[in-house]
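As a plain string of letters, each chain reads:
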Amino acid sequence: MSIDHGRDVTRAADSEKNLPAIPDPGLPEHTWRPTDVDERLAKRAERQVATLFGLSSVCVLLFLVSYFTLDVGDNHTTFAGFGASTIALGSTLGGALLFIGIGIIQWARKLMGDHEISEMRHPARSSDEDREETLKALALGAEESGIGRRPLVRNSLLGAVGLLGLPAIVMLRDLGPLPGNKLYSTVWEKGMRVVRDVVGTPINQADLEIGDLVNAEPEIVFAVDEDGEHVLHGVELQVAKSKAAVILLRMDPSDITPGKGRENWSVDGIVCYSKICTHVGCPISLNERKTHHLLCPCHQSTFDLADSGKVVFGPAARALPQLPLMVDEEGFLVAQSDFTEPVGPSFWERG
Amino acid sequence: MSVDTSKVADTNAGTAATPKKPGKAGVVANWADERLGLGTLMKKNLRKVFPDHWSFMLGEIALWSFVVLLLSGVFLTLWYTPSMGEVEYQGSYNPLRGVEMSEAMASTLRLSFDVRGGLLMRQMHHWAAMLFIASMMIHLLRVYFTGAFRKPRELNWVIGSLLLLLGTLEGFTGYSLPDDLLSGTGIRAADGFMKSMPVVGTYMSFFLFGGEFPGESIIPRLYTVHVLLIPGILLALIAAHMLLLVYHKHTQWPGPGRTEENVVGFPMLPVYAAKAGGFFFIVFGVSALMGGLLTINPVWKFGPYDPTKVTAGSQPDWYMGWPDGALRIMPGWESHFWGVTLSWNVFLPIIVLPGLMFTILMMLPFLESWITGDKRDHHLLQRPRNAPTRTAVMVALMTFYGLMWAAGGNDIIAIKLHLSINQITYFMRAAVFIGPVIAFIITRRWCISLQRHDEQKLLHGYETGIIMRSAEGGYSERHLPVNETEAYTLTAREREEVWTPGDETDANGVPAKRGRFDGLRAKLSTLMYADNVQPVTKEELEAAHHHADHEHELQASLDGQPADGHQFDGHHAVDGENLRGDH
Ligand code: HEM
Ligand code: FES
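Line by line, the protein sequences are chains U and C.
Position 163 of the first sequence, counting from 1, maps to 158 under our numbering, and the rest follow consecutively.
Just remember that our numbering sits 16 ahead of the position in the second sequence, which is counted from 1.
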């Protein structure tokens, strides 16, 4: 190994100063293992390994038995919270695989040759002759194709191939519609009732006591047409729910510091805010009763519902949008209008 | 130990018997070789040498868990339906019967409760994913701490980093597929992340979701990415990783007979192949045991995704924890200008920071070789202590990662330790900057002390723990020289040189042009090397031995006495030696 390819590839140990202070004593002598010198021990190791392989087959049998005898289905709580089937299949399959693995490794350690051997390394770079020849071939190729001499051909080809990227990108256009102004509105509108989450019943202002917190949704989420079909379903429903979910909280009216222009947005101490966190959009759910603070479980942004939903702590930057409330003629809570700003996470065009 | 090797088991020492006629295998081999010409290729590689060390197994765990992922993943695809169509669940899991959910969720429940072995495979798949990512991370640390990323292996470092990145993304897409409450919450957060991107954010979100969140396209799209796109790239990169490994040959630890020029170890066939193959079964078996015995991601407990619901303490899989932590401790900054909004509070921690960290990770080998000016090939590994600054850099990065990760569990910490979440957040905001610096300084000094300790051991021997009293009544501890193997191994490392501007010459000896960052580079190089303990020289060693000889004379009367120290040093056999001396 004395080919020296110049400074760049000199081996660390090549240089004189890097010779260790103690001369290399060379590879230690090979020592024989007990199984190498004692035929009886070797035979025993052989039996051990074969036993391990045998155990693996036993596990496979047990696996088959469990597969066909143990039920799956409702018995997920049968055994320590698992399906008995899962436990049995997992342990027998695991055993079958592990016994093979351990057997093979035992075989390698005890019975296969354990002479360490040594091999020379070669530099990753190719030899100077090879490099030269490659460069020559490349130059010849360039020369024969005339790529250097005919810039017109070369450049027009480069341009053409480059432009091929456009179809590739443009073809993705139909992945989805343009955002338009979809993010600026929700299904809330003037007079729409605020109904309870899950059950869909309207809420009378008198139903709520001070301190009550209700997860609510717009009435339309539950509405059915004359045939008894849901008005909103599928994607439409999911989109509507993911933007329009709200939280109602009743507090002592004197606790509320109404924002400018929001003096009449609450009804007798009942305020309504978007449930969608302005950070990255988790639904918010944790209420601190005493402080009127609402905590987002995702990254702990905390909003003050007594003070226009302002952020009091955490990574969110914007107050929770407030839904202006009023009461309809039957005494149920309804919206005065849609939200006056986009709900959910911020986005570039939002302004 | 002297043994009679004439009786050596013939599996090892004897020459293989030559078969009289070519056997069946010979016929097959001949058939194949005449068509594929494998003989020449395999001649070189069948006995290829692989050095042995426990830490070389970490990459293998990653490789084999990937194979387990492929196998269990294909099983899952046979039942899983990547669709967001609404269905009413009618399977055998009682509590959810009659509930509306997506087909994706319903098919995941079917896999879990109605397909025999389905839950096992789901859990195996998820556990193997954890193993895959965790072992890649630890493997990466091993490679970095031992300097195995140095020339000529920088590209393999880059490929490895890409594998980690893609593995993480693959894990995220997989986690989203069951369409349960937790995975939906994750996707929703991802939608918020995308929307924080300047200019293109909303468009990306609308294109990815096929309209407004949640739409009905995200699950089928993520499915294609999860089972085809990323696994395909992973497979190609893993193949490249392995080919380069074979081409460069594995690095090895220095030691007697192990040099930069050779590679010492076991041949591919049979020992290495057997060990690696056996290890595959072990990784596979361990995943099966974990899949059978340890619940993971019990989606039936969370229920189907509902955009109005969330569970407290909702957290992503652990490998997504550190950017989540960054997101949590980031102050709520947002700018409004020229009619647009820029959400620093999301954009910085979740888009910029991971990108930046990842770029730093990939650049590490190039940064180091730029700072040190070292452009030579390296095949011998270094102990972490012998590269104090490098080691300290990684420990600092790990500290940063760990603190961010802990911040990702700030609510859990708050509950468990009865602390206020606000205090934890303020603490973390400072700690993520200060912690890594402290970690850097401590690690670097610690490594250098360990180097000094090695030097002492080499020059003055190791401490025997035997205290001697001289005739004058002074006490000293008896030191004995370390044995030859250890001594050689301790000295077998390179001398380091601080890079100084104008150091470099090209092939013709012409000094290289001075670069714009030469000053910075020289400073960094000084930081890198200047305080390190350099390997002992011959002269130092001789001087030390001279000194030791003198000391030995003083202690000579002790040799052969009980408690001369040799009995306890573990450096030579004590069989038949009389520990207490003859009375
Ligand atoms: C590096 C590779 C991979 C990683 C890290 C990974 C990770 C994951 C994770 C974490 C899950 C969620 C499992 C759960 O708890 O339900 C998952 C689900 C799934 N994966 Fe993978 N996976 C990988 C490769 C593959 C491959 C190669 C395939 C198929 C060819 C596949 C098919 C699936 C399917 C069908 C599901 C949904 C099944 C279900 O959740 O019930 N995965 N993956
Ligand atoms: S989504 Fe609410 S704090 Fe992040």
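It should be emphasised that the hints constitute simulated quantities derived from the structure, not laboratory data.
Mixed in with the good hints, there may be bad ones.
[What the hints assert, rightly or not] Computed list of lysine to aspartate or glutamate pairs in EDC-like fashion (alpha-carbon distance at most 20 Å, straight line): (1) C:K473 <-> U:E283; (2) U:K185 <-> U:E325; (3) C:K59 <-> U:E111; (4) C:K317 <-> C:E512; (5) C:K265 <-> U:E111; (6) C:K64 <-> U:E111; (7) U:K305 <-> U:E325; (8) U:K305 <-> U:E224; (9) C:K60 <-> U:E114; (10) C:K60 <-> U:D299; (11) U:K185 <-> U:E283; (12) C:K539 <-> C:E512; (13) C:K317 <-> C:D333; (14) C:K64 <-> U:D109; (15) C:K473 <-> C:D565; (16) U:K105 <-> C:D68; (17) C:K265 <-> C:E350; (18) U:K177 <-> U:D333; (19) C:K59 <-> C:E76; (20) U:K177 <-> C:E232; (21) C:K432 <-> U:E283; (22) C:K554 <-> C:E493; (23) U:K305 <-> C:E232; (24) U:K105 <-> U:E41; (25) U:K177 <-> U:D192; (26) U:K255 <-> U:E325; (27) C:K554 <-> C:E513; (28) C:K473 <-> C:E488; (29) C:K539 <-> C:D333; (30) C:K40 <-> C:E50; (31) C:K265 <-> U:E114; (32) C:K554 <-> U:E283; (33) C:K64 <-> U:E114; (34) C:K391 <-> U:D123; (35) C:K391 <-> C:E512; (36) C:K59 <-> U:E325; (37) C:K64 <-> C:E350.
### Task
Would you mind confirming whether the straight-line C-alpha gap from U:K105 to C:D68 stays at or under 20 Å?
holds, 16 Å
### Query
Is C:K64 within 20 Å of U:E111, Cα to Cα?
OK: C:K64 and U:E111 at ~11 Å, within 20 Å.
### Query
Taking 20 Å as the top limit, are the C-alpha atoms of U:K255 and U:E325 close enough?
This hinted pair is violated, its Cα atoms lying about 29 Å apart.
### Message
C:K64 and U:E114 were given as a pair; does the straight-line alpha-carbon distance stay at or below 20 Å?
### Response
holds, 8 Å
### U:K177 paired with U:D192 [C-alpha distance capped at 20 Å]
It is violated: about 24 Å lies between the C-alpha atoms, which goes past 20 Å.
### Query
Going straight from one Cα to the other, do C:K432 and U:E283 come out at no more than 20 Å?
holds, 19 Å
### Query
For the pair supplied as a hint, C:K391 and C:E512, is the alpha-carbon distance within the 20 Å limit?
Holds. C:K391 to C:E512 sits at ~13 Å (cutoff 20 Å).
### Query
Is it true that the CA of C:K473 sits at most 20 Å from the CA of C:D565?
Holds, at roughly 16 Å.
### Message
Please verify whether U:K305 and C:E232 have alpha carbons no more than 20 Å apart.
### Response
Roughly 33 Å separates the two Cα atoms, so the pair is violated.
### Query
Is C:K59 close enough to U:E111, meaning Cα to Cα at most 20 Å?
Roughly 18 Å separates the two Cα atoms, so the pair holds.
### Message
Just to be careful, I want the Cα atoms of C:K391 and U:D123 compared with a cutoff of 20 Å; is the pair within it?
### Response
holds, 18 Å
### Message
Next pair to validate is U:K105 with U:E41; report whether the Cα-Cα distance is within 20 Å.
### Response
holds, 9 Å
Checked against the numbered hints above, the structure breaks hints 1, 4, 7, 8, 10, 11, 17, 19, 22, 23, 25, 26, 28, 29, 32, 36 and 37 and satisfies the rest.
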